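Chains as they are written, first to last, in this note's numbering: chain F, 68 to 457; chain B, 80 to 225.
FYI, nobody ran anything at the bench for these hints, they're computed from the structure.
Do not rely on the hints blindly, as some may be mistaken.
As the list claims (entries may be wrong) - Beyond 12 Å from chain F on every Cβ pair, some chain B residues (computed): (1) Q105; (2) G113; (3) K119; (4) V133; (5) G138; (6) S139; (7) E140; (8) N141; (9) W144; (10) D146; (11) T150; (12) D181; (13) G182; (14) G193; (15) D213.
Said to hold, decoys possible - Under the rule of at most 27 Å between Cα atoms (straight-line distance), these lysine-lysine pairs were calculated in the DSS-like manner: (16) F:K373 to B:K200; (17) B:K206 to F:K320; (18) F:K320 to B:K149; (19) B:K200 to F:K376; (20) F:K320 to B:K125.
For clarity, every value in this text was computed on a predicted model and none was experimentally measured.
Ideal Cβ placement from N, Cα and C applies to all residues, glycine included.
Residue-level listing of the chains:
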Amino acid sequence: MRKVAIVGGGLAPFGVRQATWKELAQEAGGATFRDIKNLERKDVDSLFVGAAMPERFAFQSHVAPMVAEQVGVTPTKVITRTELACASGQSAIRMAYACIAAGLSDIALCIGVEKMNIPDPPEMQTSMACVLDREFDGVQGASAPPFFALCANRHMHDYGTTREQMAMVSAKNHHFSTTNPFAQFQKDIPVEKVLTSPMVAPPLRLFDCSGITDGAAGVVLTTAERAKEFTDTPMYILGSGQCSMGSNLANYKSFSTWFPLKEAAKEAYRSAKIGPGDLDLAEVHDCFTISEIMEYEDLGFCEKGKGGKFIEDGKSDLGGKIPINTRGGLLGTGHPLGATGIAQAIELMQQFRSSVPRQRLVDNAEIGMAHNLSGAANVHSILIYGRNPP
Amino acid sequence: MTATIRLPYLLDFYPLQDEKYTRIHQFFTNLKVGRFTTTKCRDCEKLHWQPRAVCPDCGSENLEWVDLPKTGEVHAFTAMLLGAPMGFEKDLPFVMALVKLDGLDFKILSRVDGIKHEDCKIGMRLKFKTVTRDDGRVFFRFEPIG
Ligand SMILES: [Zn+2]
Numbered sequence: 068m069r070k071v072a073i074v075g076g077g078l079a080p081f082g083v084r085q086a087t088w089k090e091l092a093q094e095a096g097g098a099t100f101r102d103i104k105n106l107e108r109k110d111v112d113s114l115f116v117g118a119a120m121p122e123r124f125a126f127q128s129h130v131a132p133m134v135a136e137q138v139g140v141t142p143t144k145v146i147t148r149t150e151l152a153c154a155s156g157q158s159a160i161r162m163a164y165a166c167i168a169a170g171l172s173d174i175a176l177c178i179g180v181e182k183m184n185i186p187d188p189p190e191m192q193t194s195m196a197c198v199l200d201r202e203f204d205g206v207q208g209a210s211a212p213p214f215f216a217l218c219a220n221r222h223m224h225d226y227g228t229t230r231e232q233m234a235m236v237s238a239k240n241h242h243f244s245t246t247n248p249f250a251q252f253q254k255d256i257p258v259e260k261v262l263t264s265p266m267v268a269p270p271l272r273l274f275d276c277s278g279i280t281d282g283a284a285g286v287v288l289t290t291a292e293r294a295k296e297f298t299d300t301p302m303y304i305l306g307s308g309q310c311s312m313g314s315n316l317a318n319y320k321s322f323s324t325w326f327p328l329k330e331a332a333k334e335a336y337r338s339a340k341i342g343p344g345d346l347d348l349a350e351v352h353d354c355f356t357i358s359e360i361m362e363y364e365d366l367g368f369c370e371k372g373k374g375g376k377f378i379e380d381g382k383s384d385l386g387g388k389i390p391i392n393t394r395g396g397l398l399g400t401g402h403p404l405g406a407t408g409i410a411q412a413i414e415l416m417q418q419f420r421s422s423v424p425r426q427r428l429v430d431n432a433e434i435g436m437a438h439n440l441s442g443a444a445n446v447h448s449i450l451i452y453g454r455n456p457p
Numbered sequence: 080m081t082a083t084i085r086l087p088y089l090l091d092f093y094p095l096q097d098e099k100y101t102r103i104h105q106f107f108t109n110l111k112v113g114r115f116t117t118t119k120c121r122d123c124e125k126l127h128w129q130p131r132a133v134c135p136d137c138g139s140e141n142l143e144w145v146d147l148p149k150t151g152e153v154h155a156f157t158a159m160l161l162g163a164p165m166g167f168e169k170d171l172p173f174v175m176a177l178v179k180l181d182g183l184d185f186k187i188l189s190r191v192d193g194i195k196h197e198d199c200k201i202g203m204r205l206k207f208k209t210v211t212r213d214d215g216r217v218f219f220r221f222e223p224i225g
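In isolation and in its complexed conformation, chain F is listed as follows:
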């Protein structure tokens, strides 16, 4: 297997954008090529488009060739769309990684894009709810906020996690996003404001939830061997893990432990030949505040049941044991489903380059993790990245 690196990438600003799905893809493509000085569009032989549901949000299917045209590439080796709901962006990177490692592609572009703000919010909510088992769970009212609320309800019951601890996750990530001009939300949201925001799905309130976001992001992957042709500061893929368990909620082993996350983490650490203690920082999927708390535990950053204490003690903040979600996370930057996993990779790459604003810089970071869950947390996807070659 060939070693693989990311050589650059760029973002379209996240938010409620006055732009179409196609235009967001154009912006991400433009920003990506601007970031990689020695790369020409004709050098790209493959394209992977992370997009969760353009059929619903943009009434458009067969989007990969459309993106190729929008960003000006002509793939001659592999072209496809990757769909894994909230992890669609990371899936694009994973598939590009696999193809380059296997020798099917030499230079692959990944573009993640989602346009979620549409004129009719209930129609958007309908689309989001069909990420779960629509016939048996969606019909009962299940969608993302109720599902994560059930996990929060059970985690509070099983481990004594508090409302305040969950609010601290939101306050931390919103504070990081004040340093990020690409974020949907760039204002501080203190703990008291989280605790008094409107109830959405008890115990979760508005600021426990990530936003409904338009956005796009792009990265380019090539072999570790060729990476230095394009940049002095490649970011190498050190390992990966992914696990899917169940779909209908009745078949879950637990709602306060995410077993597929523990499995994905085990494989990611094994393949990267590291343990959780070797990570200098991590981008984890904080679609809801409770998610980040459960991820501290099930990724092995702290003992099971101590995730609430972990945020309370500042261990996931800058200067703590492992700074988490320095770009502002999904809570602060928003969550355009297809773009999120790629935006996380860009944050780690910029951290390794020390090109992020000083206020969120993790000094001398060498190893970082990007994690996404998807759907009702039945799938977990992890990539481990390094500043140095594996």
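Knowing the structure of chain F, use the given hints to seat chain B with the ligand on it.
Same frame as chain F, but now just chain B with the ligand:
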């Protein structure tokens, strides 16, 4: 009876239920007479949720319909207060719970009628009920006992 808003098929959460559309039409036929059922594999004895056409464990299509317990308890609960999908806006707010059915490992997600989320508790006893829409389609929910 629950009011029906006519939506295009691909925006409607309620499944089409008769034998023209699904191999598990018996599930819905049983609901109509108040039975809460699922499939069980005659070859490997696996009890399924949701009801199946093919056993996921052994691949058999030799399945039978069996009755599920109609009582259980709240394993976890929440409610939808904001952000309803199309067709659910008029139902807000409503409570949902993972219902641990008596004697089984299944924790089935269900709407819970007749209670406010502020009054819900983990461990609370619930019983099965059915709702029929005015287009004749049927589904199950739970409600507090007593
Ligand atoms: Zn069987």
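Here is what the structure says about each hint:
1. Q105: holds, 15 Å
2. G113: holds, 18 Å
3. K119: Fine: 14 Å to the nearest Cβ keeps B:K119 off the interface.
4. V133: Consistent with the label, B:V133 stays out of reach of chain F, its closest Cβ about 15 Å off (over 12 Å).
5. G138: holds, 18 Å
6. S139: holds, 18 Å
7. E140: holds, 20 Å
8. N141: holds, 21 Å
9. W144: Answer for B:W144: holds, closest chain F Cβ roughly 16 Å.
10. D146: holds, 16 Å
11. T150: holds, 16 Å
12. D181: holds, 14 Å
13. G182: At about 14 Å from chain F, B:G182 clears the 12 Å cut-off, so the statement holds.
14. G193: holds, 15 Å
15. D213: holds, 16 Å
16. F:K373 to B:K200: Given pair F:K373, B:K200 holds - Cα atoms ~23 Å apart, limit 27 Å.
17. B:K206 to F:K320: At roughly 23 Å apart (the allowed maximum being 27 Å), F:K320 and B:K206 satisfy the hint.
18. F:K320 to B:K149: holds, 21 Å
19. B:K200 to F:K376: holds, 25 Å
20. F:K320 to B:K125: Roughly 16 Å between the alpha carbons, so the hint for F:K320 and B:K125 holds.
The structure fails none of the hints (numbered hints given earlier).
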